[in-house]
Every structure is written in C-alpha cells, then in structure tokens.
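Peer 1: Next come the chains, spelled out residue by residue.
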Amino acid sequence: MKWAAQVLAGSLFMLGACSSSGTSLTERLAPELFDLVLGDDEVDPAVTQPLPRAALVQIPFPTISLQTEDDGPIGYAVAQEVNGPYVIYRDSVRRGVTMAGGLVTGTAGLGRNVKAVKTQANDPVAVPTVLSDWPARVTRSYQFSRRGAADFDITVTCSYARIAEERVVIFEVFYILDRIVENCANGVRTFENTHWVDADTGFIWQSRQWLGPRQDQYLIKIIRRYVAP
Amino acid sequence: MRPKGYSRKIGAAILASTTLFAAGVAAEEPTSPWRPSQNQFGITGNIETPSADMQPDGQVSLTASYFGGYLRNTLSAQLLPGVEAAFRYSILEDFNSPARVQPDLFDRSFDIKVRLLQETERWPAVSVGLQDFLGTGIYSSEYLVATKGFATEEFGSFRITAGVGWGRYADQNAIDNPLSAIDRLAQRDNNFGLGGTVNFGRFFAGPDMGIFGGVEWETPIQDLVAKVEYTGDRYIRENRFNNFDQKIPINVGLQYRPLENIEVGAYYMYGSEIGVRLTITGNPFRPLSDADLEAGVQPVRPRDPVPGNPQIAALGEVYDATSTDPTRADFNDPRLASVMVHRRLGTVRWAEAIVTARAGDRCPTELAAAIDANFGLIDVVTFSKADNKVVCTVTLRPAGQHAVRLTSRVHASYPTDWYDQPEQRDQLVEILAEALAEENLGLIGIEIAPRRVEVYIENNRYRSQPRAIGRTARALTRTMPASVEIFEITPVENSLPVATIVLQRSQLEDQAGRPDAEQRSWATAKVESADPVPWSSLTGTQEDFPAYSWNIAPTTPTSLFDPDNPFRIDVALEASGSIEFYPGFSVNATVIKRLAGNLDEITRGPGSQVEERVRSEIAQYLNEGDPAITRLTVDYVTKLNSQIYGRLSAGLLERMFGGVSGEVLWKPADQDWGLGLELNYVRQRDFDGLFSFQSYDTFTGHASFYWDTNFYNIAMQVDAGRYLAGDWGGTFSMKRRFANGWEFGGFFTLTTIPFDEFGEGSFDKGLFLTIPLNWVLPYETQNQYSTVLRPLTRDGGARLDVSNRLYPIVEDEDVGNYREIWEEFWQ
Numbered sequence: 001m002k003w004a005a006q007v008l009a010g011s012l013f014m015l016g017a018c019s020s021s022g023t024s025l026t027e028r029l030a031p032e033l034f035d036l037v038l039g040d041d042e043v044d045p046a047v048t049q050p051l052p053r054a055a056l057v058q059i060p061f062p063t064i065s066l067q068t069e070d071d072g073p074i075g076y077a078v079a080q081e082v083n084g085p086y087v088i089y090r091d092s093v094r095r096g097v098t099m100a101g102g103l104v105t106g107t108a109g110l111g112r113n114v115k116a117v118k119t120q121a122n123d124p125v126a127v128p129t130v131l132s133d134w135p136a137r138v139t140r141s142y143q144f145s146r147r148g149a150a151d152f153d154i155t156v157t158c159s160y161a162r163i164a165e166e167r168v169v170i171f172e173v174f175y176i177l178d179r180i181v182e183n184c185a186n187g188v189r190t191f192e193n194t195h196w197v198d199a200d201t202g203f204i205w206q207s208r209q210w211l212g213p214r215q216d217q218y219l220i221k222i223i224r225r226y227v228a229p
Numbered sequence: 001m002r003p004k005g006y007s008r009k010i011g012a013a014i015l016a017s018t019t020l021f022a023a024g025v026a027a028e029e030p031t032s033p034w035r036p037s038q039n040q041f042g043i044t045g046n047i048e049t050p051s052a053d054m055q056p057d058g059q060v061s062l063t064a065s066y067f068g069g070y071l072r073n074t075l076s077a078q079l080l081p082g083v084e085a086a087f088r089y090s091i092l093e094d095f096n097s098p099a100r101v102q103p104d105l106f107d108r109s110f111d112i113k114v115r116l117l118q119e120t121e122r123w124p125a126v127s128v129g130l131q132d133f134l135g136t137g138i139y140s141s142e143y144l145v146a147t148k149g150f151a152t153e154e155f156g157s158f159r160i161t162a163g164v165g166w167g168r169y170a171d172q173n174a175i176d177n178p179l180s181a182i183d184r185l186a187q188r189d190n191n192f193g194l195g196g197t198v199n200f201g202r203f204f205a206g207p208d209m210g211i212f213g214g215v216e217w218e219t220p221i222q223d224l225v226a227k228v229e230y231t232g233d234r235y236i237r238e239n240r241f242n243n244f245d246q247k248i249p250i251n252v253g254l255q256y257r258p259l260e261n262i263e264v265g266a267y268y269m270y271g272s273e274i275g276v277r278l279t280i281t282g283n284p285f286r287p288l289s290d291a292d293l294e295a296g297v298q299p300v301r302p303r304d305p306v307p308g309n310p311q312i313a314a315l316g317e318v319y320d321a322t323s324t325d326p327t328r329a330d331f332n333d334p335r336l337a338s339v340m341v342h343r344r345l346g347t348v349r350w351a352e353a354i355v356t357a358r359a360g361d362r363c364p365t366e367l368a369a370a371i372d373a374n375f376g377l378i379d380v381v382t383f384s385k386a387d388n389k390v391v392c393t394v395t396l397r398p399a400g401q402h403a404v405r406l407t408s409r410v411h412a413s414y415p416t417d418w419y420d421q422p423e424q425r426d427q428l429v430e431i432l433a434e435a436l437a438e439e440n441l442g443l444i445g446i447e448i449a450p451r452r453v454e455v456y457i458e459n460n461r462y463r464s465q466p467r468a469i470g471r472t473a474r475a476l477t478r479t480m481p482a483s484v485e486i487f488e489i490t491p492v493e494n495s496l497p498v499a500t501i502v503l504q505r506s507q508l509e510d511q512a513g514r515p516d517a518e519q520r521s522w523a524t525a526k527v528e529s530a531d532p533v534p535w536s537s538l539t540g541t542q543e544d545f546p547a548y549s550w551n552i553a554p555t556t557p558t559s560l561f562d563p564d565n566p567f568r569i570d571v572a573l574e575a576s577g578s579i580e581f582y583p584g585f586s587v588n589a590t591v592i593k594r595l596a597g598n599l600d601e602i603t604r605g606p607g608s609q610v611e612e613r614v615r616s617e618i619a620q621y622l623n624e625g626d627p628a629i630t631r632l633t634v635d636y637v638t639k640l641n642s643q644i645y646g647r648l649s650a651g652l653l654e655r656m657f658g659g660v661s662g663e664v665l666w667k668p669a670d671q672d673w674g675l676g677l678e679l680n681y682v683r684q685r686d687f688d689g690l691f692s693f694q695s696y697d698t699f700t701g702h703a704s705f706y707w708d709t710n711f712y713n714i715a716m717q718v719d720a721g722r723y724l725a726g727d728w729g730g731t732f733s734m735k736r737r738f739a740n741g742w743e744f745g746g747f748f749t750l751t752t753i754p755f756d757e758f759g760e761g762s763f764d765k766g767l768f769l770t771i772p773l774n775w776v777l778p779y780e781t782q783n784q785y786s787t788v789l790r791p792l793t794r795d796g797g798a799r800l801d802v803s804n805r806l807y808p809i810v811e812d813e814d815v816g817n818y819r820e821i822w823e824e825f826w827q
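Chains as they are written, first to last, in our numbering: chain S, 1 to 229; chain F, 1 to 827.
A few of these clues could be false.
[Said to hold, decoys possible] A short list of chain F residues far from chain S (calculated; beta carbon distances all over 10 Å):
| # | residue |
| --- | --- |
| 1 | 57 |
| 2 | 179 |
| 3 | 189 |
| 4 | 197 |
| 5 | 298 |
| 6 | 342 |
| 7 | 504 |
| 8 | 539 |
| 9 | 718 |
| 10 | 788 |
| 11 | 807 |
[Said to hold, decoys possible] Computed footprint of chain F on chain S; a stretch qualifies when at least three of its residues, placed anywhere within it, have a C-beta under 8 Å from a C-beta of chain F:
| # | segment |
| --- | --- |
| 12 | 75 to 88 |
| 13 | 91 to 97 |
| 14 | 107 to 114 |
| 15 | 141 to 152 |
| 16 | 186 to 198 |
[To be verified] Going by beta-carbon spacing under 10 Å, a handful of chain S positions derived as facing chain F:
| # | residue |
| --- | --- |
| 17 | 18 |
| 18 | 20 |
| 19 | 117 |
| 20 | 119 |
| 21 | 121 |
| 22 | 155 |
| 23 | 213 |
| 24 | 214 |
No wet-lab data here; the hints were simulated from the structure.
Ideal Cβ placement from N, Cα and C applies to all residues, glycine included.
Next up, chain S with everything else stripped away, as it sits in the complex (with noise of 0.2 Å):
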C-alpha cells in the first residue's frame, strides 16, 4: 500500500494544483497521502486496549464497540438514530454500522459498504427471538454498493448450530450467553457468524459478522444496548 500511496503522491506532486475552492486533486488527497507516505505503520497501541467500562458508561447514549481482530484496534460508536427497527450507531469521523435487532443491514464510511439487508420476518438475528424459537434456517440477501460500478447482491441461507453456553465479558461485565453459530452458504460462497444470545431474550449481545465478500469480519459488541422507549 504505501509504495502505491508514494507513486501516487508523486505524481500528484506533478500534475499539482490549487485553486480557491481547495477542490483540486491535490489539495483533497495531500493530507491523507502525507499520512500514508510518512505516516507510522504501526497501529497505536492505546487503541487496542479495551476503554475502562467506567469511562464508557458516561456516554449517555446506546454504544456498541467494533473491532476486524481480536487483538486489533477497537472503535466505538454511539447510536445517533433510530428509525423503525433500525439503530444507526456512528463514530466521531461518522463511520459506523446500522443494526436491526443483532443483524448489521448497514454500514457508512469502512470503504466497501453493505446499503441494506433483506431479511425474513422471522429472521431471528433481525428480530430478536427466544432461543428455542429459532429457525431452522432463513434466507437473507446482502446488498453492496459500489462506488462508480453496479450495486450487487448476495443472498444466502443461513442455518443455526448451538454450539455451548458460555460466560461471556464484554468490557468488564459477565454474561450466561449461548454461542450460535450461524452457517451462510449459497452454492458460491459459505461463512460463518458467530453470535452470543441471552437465550431467554433472544437478545444478541455479541457477534462476528461477514460485511461483505472483500472486508473483514467485524466483532461487534453491546456496551450499552438501546431500549425502545
């Protein structure tokens, strides 16, 4: 990456302009190409460290946290909408994702964005249900947008195993919670979700979900879940 982000710096050195408007190529990407061509490639090791479940609840709002690895950085994001069943959680450079019930059906700012999910009414990860109401399987389809090409979908059928009960902490409080394991397969393509549910509740307090066929799995996790008034 940083080879090409050099090349590239180098010919907009080039091809530079400016203009009042600070609209030119040059002017838009200088920044973030200084970054990529001097910035450090290590990541800040303060952001893979969990924030302190004290500091988190003085968020007044429903906060999730978001993480690709385990033991990689952790973002934050609060939910700054809800609109029927949706909870659109953000962060402060407005990356985020849209959750329905444990389901993520949308995502903003993470480079290649899931626009929606077309779910099943009984879609027990979108609607939370009690465990032992779960189906056998649903039928869910992706939608991706793709920026200067066509939109595209992928549909798939899931199917659920219950793999144990486990005692779960998510930034320091413990949870009884089933781990579900959710197979997605389509004749094409199969992955996996994993998701822990309150099993009385059906409610999803964790989960590793596939956003896509060219980004990471992302871990989600339910800091402060939001409560319909």
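Fit chain F to the supplied structure of chain S, relying on the hints for placement.
Peer 2: Showing chain F alone in chain S's frame:
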C-alpha cells in the same frame, strides 16, 4: 360491500409467488468477464490475425506493438457488446523509397469488427471486420472469421480460429474470391488518394481470397497463453525496398498478464523477426478502485410521531402477518361480517373488515390471511367492530407495511409556529449551511415555507449528482422543523439551476435503510425543469456575490501525428481566475505560460488549399505567444424560462479568435433531446496572444440537435452551420456515456470544402475519450482526463472553441440520467 362466500381464489398460490425470496435464485457478486487478448494490430485476435472474439463491453485498450521496424500504437474500444473499433497510428520504417527525404511512413488507420454470431456450446462465434477502412489503406483488408473454444482435461483450454480474408490477407496461398463473380468486386483498387475516406467499393473486392487461422492455448501457468497462427499477409508493400524478409507465413509466441489490466506478448514472426506487444486496458464497468473512502453518510433523522395523530388511531394496533401460513383460516368464519376493499396510496389494496361480536377484542390476524386468499393480493386489512371501533390492522405484504408506515407519518400535523419567528428561520439557514459544508456542498440560496423548503446547492465534490442530492436531503431531515414535508433540491451548475428534485420527507424517513430504498426513493422523487431563480429574493444569495475564484495548474498541451514528429508535448502553467458579480454574470480570464517542451518546433504548413488559415497557424501562435491569454471574456448565462437557457460571451473567446458569441438552448429536464442555436461574430487574434487582432473576421454559428438515444447510453449530436473558414456544413458526433463518467466516441465534419482542397485526411474527424479520476481513486472527485484525438488539424470544418457552451453544462441534469445513476442517492 362484498358479500361473504364470493368466489374463492387461491391466495396461497399468490402468496407463494410473492414470497420474499425466489427459490433457487442465488444472487452473487459479479465476476470479471473473460477477456480475450489483443493482436499486434491492437484488436482482439491472435498474433497478427483477428479472431471472432470480442472484448467485454466497454473495454478500452491501448496497444503498442513492434516488429521488423513497424511500430503500431492502437487505441481500441468495445463500443457495444458486438462492435469493436480501433484507431491506429503506425510508424513504418523505410516504407518509402530511400531516396525520399522522409523514408518512414506515418500512417493513421481505423478498424471495425462486428460480431455476427455469438459462440454457443456447439457453434463458433463469427465476426466480420474491416481493417484500415478509413485511412490511407496501407493495412486495408476485410475478413470473415470464426472462433471456437475447446476444453480438454489433459491439455487445458484452446481457442481455435479460422477465417477468410481479402486485401492483405489474400497475398499468398489464396483461393479465388467467390465474390469476384460480381463485376464490381472483381478487381481491388489500391489507389487511396488523400486517404481518410471510406472506400466502400473496395470492401471484399479482388480476384483472390486468403485464408488464415490459429490456435491459442491456455497453458497450465496462470495467465500465460501460447499462440500459433498462419496468415496470408505477405507484407508486399512493406517489402518493395527489400526491408522485410518474410520466410514463412507462420507466427508463434507467448502472451502473459502480469496484472489484470496489463498484457505483454513476445513472438517469433514470419521466420525472421522478433515481435513484442504491450497492452494497457481498462473497463468503465470495473473501476480500478471501487472502494469508497468518503466520510460515511449522516443518517436520516425521522421525526417523532405527533401524539394523538388521528391517522395512527385509525389503524389501531398494527400486526405483521407477512410470513403467516395463509391456509389456516376460512373466509366463512362466523367472526367475519363483511369486507370492503379499497385502493389507497396508489396501488395498495387495503381491506376494511367488520367483525362480529364473536371476535371479541383479540386481533383476528388469521382472518386477514383468509380475506387475502378470498380476494387475492390484499396488502393490508383493518378490522373494526360494527360500531366502527377499530380493533387492529394487519399487514400481509411489504406494500402493506409500507402503506401503514406512511399513513402514520404523512398526515401528521406538526406545528408551524417556528415560521413566524424570523430569527429562527435565519438560524435554520445557518445550521443547514454548516451541515451541507460538512458534506462539501455549498448552499447558494434557500427559500423556507412552513411545509416546504427550496434549496439551491453547489456540488463541486461528488461526480454523481444524486449523491449530492441524497446527502442534501439527509441534511434537511436533520435540520428542518418537523412541519417541513416537501424538499425541493436544485443543484446549480455554472450558475444555472437546471433540474429540481422534489422529495417527500415522510417517504425518505420510511425508505432510509430499507432494502428497497433505492427503488422506492426513485419512484417517489420527481425531477422537474427548474424555474428561473429570482436570485435577489433568495436568502443567502446576497452575501455570496461577488464571488472570486482562481486556479493554477500545470497543463500539458500536445501535438500528435505530425509526420515530422508524431508526438510533441509542452509542460505549461495555466492560471485562471473568475469574478462572478451576480449568479450567471462573470468575467473570466485564463493565461498560459510555457515552461518546457517542443511544441514550438512545429514547422508544418497548412497542408491544404483552404484560403483562410483559421487553425493551421498553430506554430506561429505557439512561437510568438508566450505567455498567451487564452480567454478573457465577459459572460452571462441565464435561464430564460424553465426549459430555455441563454448565454452571451464577449472578449477573447479562445486562443485564435475573439469577438461576440450568443447561444440559446431548449432542453426540458424530462426530455431526452434538445435544440440549440449559436451565433458568433469573431475576428482572428494576433499570434502574440495578447489584445491585438488580424484582419480576418467572420460570422460563424450552428444550429444543434442533441439526443440521448437511451440505447446503451449513446448520445448523438448534429451541428449544422457555418464554420470559421466560411465553409458551410455539418458535424455529426456520437459518444457512449457511462454512469460513472466515462465517455468515448467520435465525430466527423463534412463541409463545402472539397476533399482535395481540405488536404490529407479529406475531412475533419476524430475520437474523444474521457476517464474520470474517481474511477482510479477511492475518493470522490469531479476531475477527469479528457482528450480529443484528431488525426490531422486542418482549416476546413473548424469550429469556434467557446468555453462555456450550454449543453455540456445541462446534459447530465435530466430524468434519464438521474434514473441511470440514482443508486448513489443513498451513498
């Protein structure tokens, strides 16, 4: 009222057919289509010979190949799925007599290939092609070719090609041309004159017909292809001075793709030469970067429901039964007294059912399914008691869910008292301007009413206008008081409000985040021709004017295809500035200063007999005008009414001419064609690029017809009128436009200047190509690379180069184009 016991319909069957997901359909990420390779001529084929294969639709390739002293540079494009075209610039070393001053030949040629049959499991693909059909005819030949692929378990995949050819392909081992029975095709005329014209009489003509063919083998090494071919081309014309020794008519070689968009080939050709090829290729449908690193969108902010909204009360408790088994209930159930079906909100079938006392107070959701089965395709049912007390509402289909949501939102009566407080309105404008600035959009003007807001935005960031409109709409949901239900958003392009997009806020609230948001938002948006704007009465406009802008950028003017030096380039610095005193009324200036390069070495004369040298004195302009003012104009653009635009420009209009230019354009936003009229009086500028003029002056102008054909997004333009040299005629342009900003196409001009007076090339023609930079970058930008390739620049058919013609400003702002790119509305 419809009586119970009415003929039953098979509701279950209808339900099954409208289930959420069609069984067996597995939507998936689109994969890159298979892409065949180019040949040494830059068109799809083997090594030198063509194949019947085609590139993926829209593929654009630049091929450079070399062997035996022959360099070919070819720009090719898959114009349509079955039509491939190429423009080639070749340098043939020692092609002419060594006694001549210039023994090398610089040659321009055009090819076209059309697929007649697509390959099937049993039958090969068949294509017909014309090589060098519009040029000097050095490579003139025609062919009919078939290609079929075979896959074997042991040896992998092969593609076998066989064809017959005329012209060069019939040089050796030929058979009699069966078409020579037609007198007109018996002989082949090889006198091409000045070139540049289509010689229809030559096609498929001559006494002989050659054969050619080859095999391409996909080796076990990924992306490595081995090729072998036989060709009937003997290079007779090249060998007149014994500079090419063809020993055998066979070529062999390898081709490799180190990267998706780069292809290299190396060949042993004709038993005596080594050949090489490099192809760089791209496809508008497959961006180099489809990632989106722009800031994520702000969410739509839904309004809180109004307590006591009578519409909500009229629905009662709402239940969703979209996935309920439809067979459990009976329409003759004694709890059901009567049913009446209405159409509401357009096409939604809404049943009102009266239940008997036996139903009690529980919502009889199962009866909704029975009503649906009986009447067929009921979207929603509201149950009431005989005393009109509503029991509940049951939604049976997504359309019903949508109708219920809208019903509870759209008729809410939100207070409008905020409107009576001017300071609150001013505050709203400030907040909106800030919200739009966060989206890199400018607020040019706004008009607020208690239930409607009109905003005029300036979008210098997003290539896709729906994206700017969507982000504006989101900002409006977050800033406007709840009573404002209608959003009218007008993007302003070069001070021209072209189209207004009318959105309903309640619809946006309902659509946001849902899987059908894109379709529903397009279905509920209205695109209208924008009315002329009384700028002075709009809030916010006064403070923004006069507006100053400037830009300094390096630029690289080029000169192509000059036989003395086919590629010349300058590096120059271009500075431009503008003062816009009032929307549409501005002074604009551009100055260019050459830094380095060799454009000043152009020495060629006009090369034609046209008396007025309106373009061919470029060398003098470059030599004597540095720095040069390339534009200094007073401009006024305006809308005369909602569908007619006007422009008036005066001053130094372009590098070679100054004067007065006026234009009128009629182009309604809901129409895919338009008409324009441009009239100019101009005088030729002095070579020094400053303020003095030469003696030549003229009236020039054109009537223009613009048409977006809606066929593969092909746009056509016909301009008829008087050109700079006083010649009368017309220019026909055609281009294919892609949703992401790519464009390619061509044009030709025929005027009253005869071909022999025009000079080499016979008439003016060229190709144009535009590649948007956001196809390459993961960021939004309106920057793009555009070029016009003219084989020759002559004085005939030359048109005034005005900077701010109206049609390019408005052409993207119509219903057809918005429909094409609307999917970016929510991005």
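Peer 1: Checking a non-interface call: every C-beta of chain S should be farther than 10 Å from the C-beta of residue 539 of chain F. Is that right?
Peer 2: holds (22 Å)
Peer 1: Checking the smallest CB distance to chain S, is residue 57 of chain F really beyond 10 Å?
Peer 2: Check passes; 12 Å lies beyond 10 Å.
Peer 1: Is the hint on residue 117 of chain S kept, meaning its closest Cβ partner in chain F is under 10 Å away?
Peer 2: Cβ of residue 117 of chain S sits 7 Å from chain F, so the hint holds.
Peer 1: If we take the beta carbon of residue 788 of chain F, is the closest beta carbon in chain S still more than 10 Å away?
Peer 2: Label holds. Min Cβ-Cβ 19 Å, cutoff 10 Å.
Peer 1: Verify that the Cβ of residue 342 of chain F lies farther than 10 Å from every Cβ atom of chain S, and report whether the claim holds or is violated.
Peer 2: Residue 342 of chain F is indeed farther than 10 Å from all Cβ atoms of chain S, at 25 Å.
Peer 1: Is the claim that residue 197 of chain F lies outside the interface with chain S correct, judged by CB distances over 10 Å?
Peer 2: Holds, because the least Cβ-Cβ distance between residue 197 of chain F and chain S comes to about 39 Å, which exceeds 10 Å.
Peer 1: Looking at residue 179 of chain F again, its CB stays over 10 Å from all of chain S?
Peer 2: At about 44 Å from chain S, residue 179 of chain F clears the 10 Å cut-off, so the statement holds.
Peer 1: Let me know if the C-beta of residue 213 of chain S comes in closer than 10 Å to any C-beta of chain F, holds or violated.
Peer 2: holds (5 Å)
Peer 1: Any CB of chain F closer than 10 Å to the CB of residue 155 of chain S?
Peer 2: Cβ of residue 155 of chain S sits 4 Å from chain F, so the hint holds.
Peer 1: Would you check chain F against the segment 107 to 114 of chain S, counting CB to CB pairs closer than 8 Å, and say if three or more residues qualify?
Peer 2: holds (count 7)
Peer 1: Is the interface hint for residue 214 of chain S satisfied, with its Cβ closer than 10 Å to some Cβ of chain F?
Peer 2: holds (8 Å)
Peer 1: Given residue 18 of chain S was flagged as interface, is its beta-carbon under 10 Å from a beta-carbon of chain F?
Peer 2: Hint on residue 18 of chain S: holds, closest Cβ of chain F at ~6 Å, below 10 Å.
Consistency with the previously given hints fails for number 5 only.
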